[in-house]
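Use the sequences and the hints to build the structure in full.
These protein sequence lines map, in sequence, to chains P and V. All residue numbers for the first sequence refer to this note's numbering, where the first residue is 1 and numbers rise by one. All residue numbers for the second sequence refer to this note's numbering, where the first residue is 1 and numbers rise by one.
If you're looking for bench data, these hints aren't it; they were derived computationally from the structure. Misleading hints may appear alongside valid ones.
As the list claims (entries may be wrong) - Every beta carbon over 10 Å from chain V, so not counted as near; a handful from chain P, in silico:
| # | residue |
| --- | --- |
| 1 | 13 |
| 2 | 14 |
| 3 | 78 |
| 4 | 80 |
| 5 | 229 |
| 6 | 266 |
| 7 | 361 |
| 8 | 366 |
| 9 | 428 |
| 10 | 516 |
What the hints assert, rightly or not - Computed, partial: chain P to chain V, Cβ under 10 Å:
| # | residue |
| --- | --- |
| 11 | 89 |
| 12 | 150 |
| 13 | 153 |
| 14 | 154 |
Glycine included, each C-beta is placed from N, C-alpha and C at the ideal position.
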Amino acid sequence: MKQFAALYRELDASTSNLVKQAALQRYLRSAAPADAAWAVYFLAGGRPRQLVPTKLLRLLAQQAAGLPEWLFDESYEAVGDLAETLALLLPPPTEAHDLGLAAWLEQHLLPLRGMPPEQLAEALRAQWRQLASEERLVYFKLITGAFRVGVSRLQVTQVLAAIGGLDPKRVAQRLMGYTHIAGRPGAADFAALIAPESSGEQDRQASGQPYPFFLAHPFALPLDQFDAVLGPPSQWLVEWKWDGIRAQLVRRAGQVCLWSRGEELVTDRFPELAEMGGTLPDGTVLDGEIVVWHRDSTSQPGEGRVQPFAELQKRIGRKTLTPKLLREIPVVLLAYDLLEWEGRDLRALPQQERRELLDALVATAQHPSLIASPVLHGESWQELARQRESARAMGVEGMMLKQRHAAYGVGRTKDVGLWWKWKIDPLSVDAVLVYAQRGHGRRASLYSDYTFAVWDAPPEVEERKLVPFAKAYSGLSDAEMARVDAIVRRTTMESFGPVRSVTPTLVFELGFEGIARSTRHKSGIAVRFPRMLRWREDKPVEEADTLQTLGALLPS
Amino acid sequence: MPPEDLVIARPEGLYCPPGDFYIDPWRPVDRAVITHAHSDHARVGHGHYLAHDDSAGTLRARLGDIALQTLPYGEAVVDRGVRLSLHPAGHVLGSAQVRLEHEGRVWVASGDYKTEPDGTCTPFEPVPCDTFITESTFGLPIYRWPTQAALFSEIDDWWRANAAQGRASVLLCYAFGKAQRILHGVDAGIGPIVVHGAVEPLNAVYRAAGVALPPTLRATDPGVDAALLKRALVLAPPSAAGTPWMRRFGQYSDAFASGWMQLRGTRRRRGVDRGFVMSDHADWEGLQQAIAGTGAERVFVTHGSVAVMVRWLRECGLDAREFRTEYGDEDMEGEGPTPGADGTTSGP
Chain P
1 MKQFAALYRE
11 LDASTSNLVK
21 QAALQRYLRS
31 AAPADAAWAV
41 YFLAGGRPRQ
51 LVPTKLLRLL
61 AQQAAGLPEW
71 LFDESYEAVG
81 DLAETLALLL
91 PPPTEAHDLG
101 LAAWLEQHLL
111 PLRGMPPEQL
121 AEALRAQWRQ
131 LASEERLVYF
141 KLITGAFRVG
151 VSRLQVTQVL
161 AAIGGLDPKR
171 VAQRLMGYTH
181 IAGRPGAADF
191 AALIAPESSG
201 EQDRQASGQP
211 YPFFLAHPFA
221 LPLDQFDAVL
231 GPPSQWLVEW
241 KWDGIRAQLV
251 RRAGQVCLWS
261 RGEELVTDRF
271 PELAEMGGTL
281 PDGTVLDGEI
291 VVWHRDSTSQ
301 PGEGRVQPFA
311 ELQKRIGRKT
321 LTPKLLREIP
331 VVLLAYDLLE
341 WEGRDLRALP
351 QQERRELLDA
361 LVATAQHPSL
371 IASPVLHGES
381 WQELARQRES
391 ARAMGVEGMM
401 LKQRHAAYGV
411 GRTKDVGLWW
421 KWKIDPLSVD
431 AVLVYAQRGH
441 GRRASLYSDY
451 TFAVWDAPPE
461 VEERKLVPFA
471 KAYSGLSDAE
481 MARVDAIVRR
491 TTMESFGPVR
501 SVTPTLVFEL
511 GFEGIARSTR
521 HKSGIAVRFP
531 RMLRWREDKP
541 VEEADTLQTL
551 GALLPS
Chain V
1 MPPEDLVIAR
11 PEGLYCPPGD
21 FYIDPWRPVD
31 RAVITHAHSD
41 HARVGHGHYL
51 AHDDSAGTLR
61 ARLGDIALQT
71 LPYGEAVVDR
81 GVRLSLHPAG
91 HVLGSAQVRL
101 EHEGRVWVAS
111 GDYKTEPDGT
121 CTPFEPVPCD
131 TFITESTFGL
141 PIYRWPTQAA
151 LFSEIDDWWR
161 ANAAQGRASV
171 LLCYAFGKAQ
181 RILHGVDAGI
191 GPIVVHGAVE
201 PLNAVYRAAG
211 VALPPTLRAT
221 DPGVDAALLK
231 RALVLAPPSA
241 AGTPWMRRFG
251 QYSDAFASGW
261 MQLRGTRRRR
271 GVDRGFVMSD
281 HADWEGLQQA
291 IAGTGAERVF
301 VTHGSVAVMV
311 RWLRECGLDA
321 REFRTEYGDE
331 DMEGEGPTPG
341 ADGTTSGP
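As structure tokens, then:
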């Protein structure tokens with residue numbers, strides 16, 4: 001535990017990737033394999049199911065620190081991170097321990113889950129008496145699960161590859177499923193991550209695991225540079241960029257697994273896709289997008305219309321899927337890649353060939369829940385740009401450009417192939433900042449999270465009001481945020497816990513990807529991916545937009 | 001009827017009505033008692049200044065030819081029936097608490113203070129009083145400082161590791177107080193020490209006051225070359241970060257010394273390699289001990305976590321109130337926010 005805590009501090013202290021990778025390598029080479037197994041689990045993004053209810057954890061720590069609740073809350077607000085607050089507030093330890101990371105997890109932490117409250121309280125207090133001050137932060141991070149220390153899964157992959165003398169793609173493959181919520185990695189699992197490549201490595205595929213997703217990069221050059229940078233459109237496979245859930249459907253050994261990009265197994269959420277997968281031959285892996293799809297009685301197979309992401313959210317949020325819900329909000333898989341066919345890994349094949357095999361598969365399958373994402377054609381980039389103008393009306397985010405000759409890469413790599421996302425410009429309105437809340441992590445104690453409002457009537461209407469309609473956190477530079485923070489403090493009208501209402505003085509151009517009617521929002525409108533495009537310091541509050549402006553952006 | 005308060009808040013600053021003078025006023029006044037020479041406490045434009053002997057050098061260096069009277073610690077002056085004396089605050093060289101006695105009442109205004117001795121200024125002494133005016137810069141229980149020994153072993157380790165790898169160790173710190181504390185505390189055997197032009201004049205003031213500081217070099221001194229810099233500890237004010245002055249250090253490691261470095265968020269926002277938790281202010285425990293040590297039943301809280309401290313002290317049974325002031329925190333000058341320090345907070 002001490003060694004892992006030291007690693008955490010070292011990773012946290014540095015802003016340099018090289019230093020972080022070196023520290024990680026040193027740790028993984030020298031740590032006991034059982035400890036290394038857990039370190040990889042957490043650093044690669046794994047988190048076990050909640051070990052201790054957060055409320056109880058706070059209460060017990062507050063008691064141990066001898067503080068009233070309000071002072072604990074004030075402290076938490078200033079720190080902006082629960083684990084760190086707890087680590088800072090507990091009194092110094094009175095005992096010592098000599099256990100490693102794995103022992104801490106297996107003997108102390110994992111058994112906490114489901115313990116009766118009194119026993120749990122006693123167990124936690126005993127642990128707190130033993131932990132050295134410098135181990136506490138990492139200990140509470142393990143419990144609260146928010147284990148962000150500026151190390152990406154890709155970096156962990158690269159370090160493991162360096163240690164094992166392996167291709168990072170192989171390691172990425174081995175890491176799929178490693179960080180599963182119920183994962184209990186041990187010394188053997190760690191050894192398997194860095195073991196020399198075996199001839200039977202492909203057999204692991206029988207397990208229903210997905211391939212690492214290949215991710216696209218944003219493309220935002222002016223149109224007149226497309227030919228110079230991309231070459232002619234004929235070298236590219238062009239598709240719509242769908243606004244749904246990226247997923248892999250894995251059909252192997254008589255089983256169907258549907259994986260989201262976050263490596264979450266979502267098969268149960270989409271029974272119609274599980275059923276569809278069951279009709280495909282074993283040894284098939286599809287890559288595509290789950291979307292809500294509406295068709296009317298006259299629709300031909302494959303025809304229909306994608307629905308806003310908000311519709312999909314209704315499906316995701318529901319605990320039980322009633323037949324009514326499945327009927328009213330049907331989903332399909334818009335497939336755009338074939339990664340495995342007849343048990344063979346196709347990822348090294350050119351995009352074009354994979355696409356031809358995919359089209360053949362979809363045609364043979366003839367299943368209403370499986371649609372091949374249409375390929376778009378254009379003689380020139382100008383012509384494609386014209387087609388792209390209809391993206392908003394189609395309910396898509398823009399276009400995807402995929403090199404026809406390229407292989408399917410791993411993550412955001414660019415070495416074997418390239419996918420570009422060529423998104424349409426966001427919708428935007430000028431909105432007024434009305435509430436501010438302190439941020440977390442790097443923005444702890446800064447008022448960095450804002451609620452925005454528009455007017456409920458045009459300027460000529462007397463006594464019009466501001467109606468909140470969106471929250472946004474991103475888009476400002478650190479310097480701008482510091483200035484907004486200072487203004488928020490100066491113009492505060494009221495504080496409600498961590499939130500402050502402010503005298504409306506600040507106008508921002510707010511961008512968003514989609515807009516839909518909503519009964520859950522006071523404004524009657526929900527926007528998707530709102531963010532600040534720029535600070536309109538030139539604009540008085542009175543000239544901010546209205547609900548009517550927003551309404552005009554709603555799809556007809 | 002209770003007697004009039006010995007110190008009240010006025011738009012110009014904290015004012016003593018019977019004595020007709022201000023303590024650390026932020027607007028120009030005729031008579032100002034200055035607790036210490038940091039710029040938010042010692043401002044320009046007052047008619048007459050009164051401060052500790054050791055503040056004379058720094059005050060004159062900053063404010064020019066001012067009408068200044070100085071006192072040693074513990075020596076009293078009596079004027080208009082108010083007996084005034086200065087007592088060590090342990091914040092920076094010459095920093096003082098102001099003790100006021102009038103018609104049997106005793107008030108003490110702390111200015112800024114730190115309870116742990118650091119070897120560069122006279123250590124804080126609790127002064128018994130009826131009413132204590134305390135700062136609250138780090139008035140949250142999350143602020144608990146490491147001991148001097150632990151702090152300097154951390155700084156030394158960082159410097160040693162950098163020197164071994166052949167890169168300069170640039171430590172950003174406030175030029176007055178913090179820089180001299182670092183000079184006094186580090187292991188000067190590790191390598192040469194180079195200081196920014198803003199730091200050296202203050203070193204001279206400390207040396208003149210008899211504080212032991214190791215030899216320091218200026219970046220422009222003869223013999224200060226690339227080879228020397230690779231092993232050097234470099235002390236510079238935070239404002240030097242990102243300026244051309246830093247280019248001469250090549251591939252350096254940087255760090256920032258401040259109490260705010262206690263929090264990961266502020267540390268990461270600084271964007272430096274290391275943050276050392278080092279403050280010239282009292283931590284939570286220090287504040288509580290200092291307040292208890294005065295025996296005061298009434299406490300006025302100034303700059304920092306005012307609302308929190310007022311509420312906490314009231315729950316501890318004291319008569320606690322807020323004084324609105326315009327003091328800041330030297331580490332956060334030119335920054336936007338000061339965590340915990342909040343102009344809009346008010347007593348419950």
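Results for each hint:
{"no.": "1", "hint": "13", "result": "violated (6 Å)"}
{"no.": "2", "hint": "14", "result": "violated (6 Å)"}
{"no.": "3", "hint": "78", "result": "violated (5 Å)"}
{"no.": "4", "hint": "80", "result": "violated (5 Å)"}
{"no.": "5", "hint": "229", "result": "holds (33 Å)"}
{"no.": "6", "hint": "266", "result": "holds (33 Å)"}
{"no.": "7", "hint": "361", "result": "holds (48 Å)"}
{"no.": "8", "hint": "366", "result": "holds (54 Å)"}
{"no.": "9", "hint": "428", "result": "holds (26 Å)"}
{"no.": "10", "hint": "516", "result": "holds (35 Å)"}
{"no.": "11", "hint": "89", "result": "holds (6 Å)"}
{"no.": "12", "hint": "150", "result": "holds (8 Å)"}
{"no.": "13", "hint": "153", "result": "violated (20 Å)"}
{"no.": "14", "hint": "154", "result": "violated (20 Å)"}
Violated hints, listed in ascending order, are 1, 2, 3, 4, 13, 14; each of the other numbered hints is respected by the structure.
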